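Using the sequences and the hints given, assemble the complete structure.
So the protein lines, in turn, are chains A and B. Heads up: take any position in the first sequence, counting from 1, add 4, and you land on the numbering used here. Heads up: take any position in the second sequence, counting from 1, add 1, and you land on the numbering used here.
Each hint should be verified, as a subset may be incorrect.
[Said to hold, decoys possible] Facing chain B, according to a computed beta carbon distance under 10 Å, are these residues of chain A, among others:
1) 258
2) 284
3) 286
4) 287
5) 289
6) 291
7) 293
8) 325
These are calculated hints, taken from the structure and not from any lab test. Nothing here was measured: the structure is a model prediction, and the numbers come from that model. All C-beta atoms, glycine included, are put in the ideal place defined by N, C-alpha and C.
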Amino acid sequence: MTTTTYRDALRAAHREALQRDPRVFIMGEDVGQYGGSYAVTKGFYDEFGPDRIRDTPLSELGFVGTGIGAALGGQRPIVEIMTVNFSLLALDQVVNTAATLRHMSGGQFSVPVVIRMATGAGRQLAAQHSHSLEVWYAHVPGLRVLAPATLEDARGMLWPALEDPDPVVLFEHAQLYNLEGELADPPPAVDIEHAVVRRAGRDLTIVTYGGSLPRVAEAATALAGQGVEAEVIDLRVLRPLDWDTITASVRRTRRVLVVDEGWRTCGLAAEIIAGVVERAFYDLDAPPARVCSEEVPMPYPKHLEDAALPMPPKIVAAAQALCGRTA
Amino acid sequence: MITFRLPSLGADMDKGTLLEWLVRPGDAVKKGDVVAIVDTTKAAIDVECWHDGTVEELLVEPGAEIPVGTVMAVLREGGETPEQVRAQIDALRASPVQMAVPSAAATQRSAAPAAAAAGRVRVSPAARKRAGELGVGVESIAGTGPDGAVTLADVEAAAAKVAPASRAEAMRQTIAAAMARSKREIPHYYLAEDVPLAVATAYLAERNASRSVTERLLLAPLLVQAVARAVQRYPEFNGFFRDGAFVPGPGVHCGVAIALRGGGLVAPALHDVPSRDIDTLNRELLDLVQRARAGSLKASELSDPTITVTSLGDQGVRSVFPIIYPPQVAIVGFGRVTERAWIVDGAVGPAPVVTASLGADHRVSDGHRGALLLAAVRELLQRPAELAKATP
Numbered sequence: 005m006t007t008t009t010y011r012d013a014l015r016a017a018h019r020e021a022l023q024r025d026p027r028v029f030i031m032g033e034d035v036g037q038y039g040g041s042y043a044v045t046k047g048f049y050d051e052f053g054p055d056r057i058r059d060t061p062l063s064e065l066g067f068v069g070t071g072i073g074a075a076l077g078g079q080r081p082i083v084e085i086m087t088v089n090f091s092l093l094a095l096d097q098v099v100n101t102a103a104t105l106r107h108m109s110g111g112q113f114s115v116p117v118v119i120r121m122a123t124g125a126g127r128q129l130a131a132q133h134s135h136s137l138e139v140w141y142a143h144v145p146g147l148r149v150l151a152p153a154t155l156e157d158a159r160g161m162l163w164p165a166l167e168d169p170d171p172v173v174l175f176e177h178a179q180l181y182n183l184e185g186e187l188a189d190p191p192p193a194v195d196i197e198h199a200v201v202r203r204a205g206r207d208l209t210i211v212t213y214g215g216s217l218p219r220v221a222e223a224a225t226a227l228a229g230q231g232v233e234a235e236v237i238d239l240r241v242l243r244p245l246d247w248d249t250i251t252a253s254v255r256r257t258r259r260v261l262v263v264d265e266g267w268r269t270c271g272l273a274a275e276i277i278a279g280v281v282e283r284a285f286y287d288l289d290a291p292p293a294r295v296c297s298e299e300v301p302m303p304y305p306k307h308l309e310d311a312a313l314p315m316p317p318k319i320v321a322a323a324q325a326l327c328g329r330t331a
Numbered sequence: 002m003i004t005f006r007l008p009s010l011g012a013d014m015d016k017g018t019l020l021e022w023l024v025r026p027g028d029a030v031k032k033g034d035v036v037a038i039v040d041t042t043k044a045a046i047d048v049e050c051w052h053d054g055t056v057e058e059l060l061v062e063p064g065a066e067i068p069v070g071t072v073m074a075v076l077r078e079g080g081e082t083p084e085q086v087r088a089q090i091d092a093l094r095a096s097p098v099q100m101a102v103p104s105a106a107a108t109q110r111s112a113a114p115a116a117a118a119a120g121r122v123r124v125s126p127a128a129r130k131r132a133g134e135l136g137v138g139v140e141s142i143a144g145t146g147p148d149g150a151v152t153l154a155d156v157e158a159a160a161a162k163v164a165p166a167s168r169a170e171a172m173r174q175t176i177a178a179a180m181a182r183s184k185r186e187i188p189h190y191y192l193a194e195d196v197p198l199a200v201a202t203a204y205l206a207e208r209n210a211s212r213s214v215t216e217r218l219l220l221a222p223l224l225v226q227a228v229a230r231a232v233q234r235y236p237e238f239n240g241f242f243r244d245g246a247f248v249p250g251p252g253v254h255c256g257v258a259i260a261l262r263g264g265g266l267v268a269p270a271l272h273d274v275p276s277r278d279i280d281t282l283n284r285e286l287l288d289l290v291q292r293a294r295a296g297s298l299k300a301s302e303l304s305d306p307t308i309t310v311t312s313l314g315d316q317g318v319r320s321v322f323p324i325i326y327p328p329q330v331a332i333v334g335f336g337r338v339t340e341r342a343w344i345v346d347g348a349v350g351p352a353p354v355v356t357a358s359l360g361a362d363h364r365v366s367d368g369h370r371g372a373l374l375l376a377a378v379r380e381l382l383q384r385p386a387e388l389a390k391a392t393p
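Structure below.
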């Protein structure tokens, strides 16, 4: 075991990919000389050179499109977008091009691009840098959407994502980069297919992913102290969703709470609840519930930002209410 | 302002559980109107209001257990404005008087459900499904789930509560369920035939002459064997009616109805009866009776019977009109063996006779075949030495 951080685990994964496959290169804003906005690619510019670590102009539409073109041409590009908020500028390339070309070419073309971006709030970066728009991508057929929330996944998801012949969008929650912990050496292989039960419990299932996982884990610990045993599912893969794992858990616990930093309306939590109700209606012992971000542009002041986010006290209260307890 | 408090509904009642509000805020109530249903340890009781007024606020959620005297609702009197009453409610809340007012969070949650409470009982899908399986009525269960909904655990707790206190009661319920199903689902037809037993009893007397009392052969195993051999000839009486069709039994396993000392009965199986000789069958039957009365039957003995034989001869009845134990399709009954005037070779003389009767499922067999079955039972009993031998 070695002590590492989420950021370092990501960096190790990228280095390994660059070393293993000469077709892999990284492009994005400030990924080269500056070392990446979140320092994931720090040092790579010197190590791998400007051909493989490419700084791009501030044009998401342009460089994401370029990455897609390189993938079509046989390369294995990793395109870094600074945050999901700016990725909206590249939506046309991702949704209309990357996600559709296999279908529209009758299977003749595949687009093996990996598009990474930071997401989420909690760092007082205000409404244009803090939103969680994962569901915009999880909505789109043709994409695989990943949300590593642990060191293992930060270290292990990149390689299978690169091996996927179709476009993969990978979300890194900005608050996870400094997450510290132990990682096995060599790091365990992970899949990009399944959700994982991170904590077993009998009283309710809390489904979450990404930056909300540590908050849910904290809430689950608090709940255990109050006599409520929560089962925690880390989705890991936001598209396609692993319904087998979700439904099996809900069938056991009969209660489901979804914690999603995205907005409530038409969000990922809504989709999960709808899917659970479709699959396990007669197993439910309480109406499904969700804790999402408040429906406001993310506030700048710390106390308002915290109030807008699905923080542990809200999760605990929702779980208690779901179990018919008012504590 | 009028406060509506939980009344004592009996000298021994110190608390109750609100099951349901029959009024909602804004409703006008008159003296004597039933406004709520409250569960006491004895029963669900309609609670009346003794004042005229308008319901301003319901303070207790369905499902809550509250002490007698708790303010459950506040009524507005004629001439009062809602604002005046609200101020008084706030004052009441602030006072240390026992109000059983739920916490702020609970109040918030109850806002919507209070209106819904007067309608249908909230039952979770899982709870409703389980209630159906357990045969528990959900309407009288106090829910502990979100918004007072009945949960799975509530249903199971309620089922455990109504579960019979004693084994005798449990057995009564089991018999009731099985017999109700039989009479509801199975179109029975009944046939009866008198069977002379002179040869059979003479045979047994001869076999028993040299035996001690405890080793004596009884008539019962011979009767059971006669039925078993007869259904081998007419297999549509041996088996089950399942999913709309007859399924032949995987062997002839005769259930034997055994009355229990504490009341009730069981009908465990003697397995593969035709393959047993009379001594074996006699021994197995005695063992079965003993174990049935000791309460140590095996599950397979209870679930395996493919046809049942019942004998009420000891109680002195002449014939039985037996009811099929579902999903079996036939049952043969024997009455008391009596000395009757019987004509043998043109002369009237005394002879031991038993009335054999058949209750059979008309969905599977018809009276004609039933008659042949009983005729076979009679005929087989005229050749007891053959019945006594095991058949391969």
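Violations among the numbered hints: none
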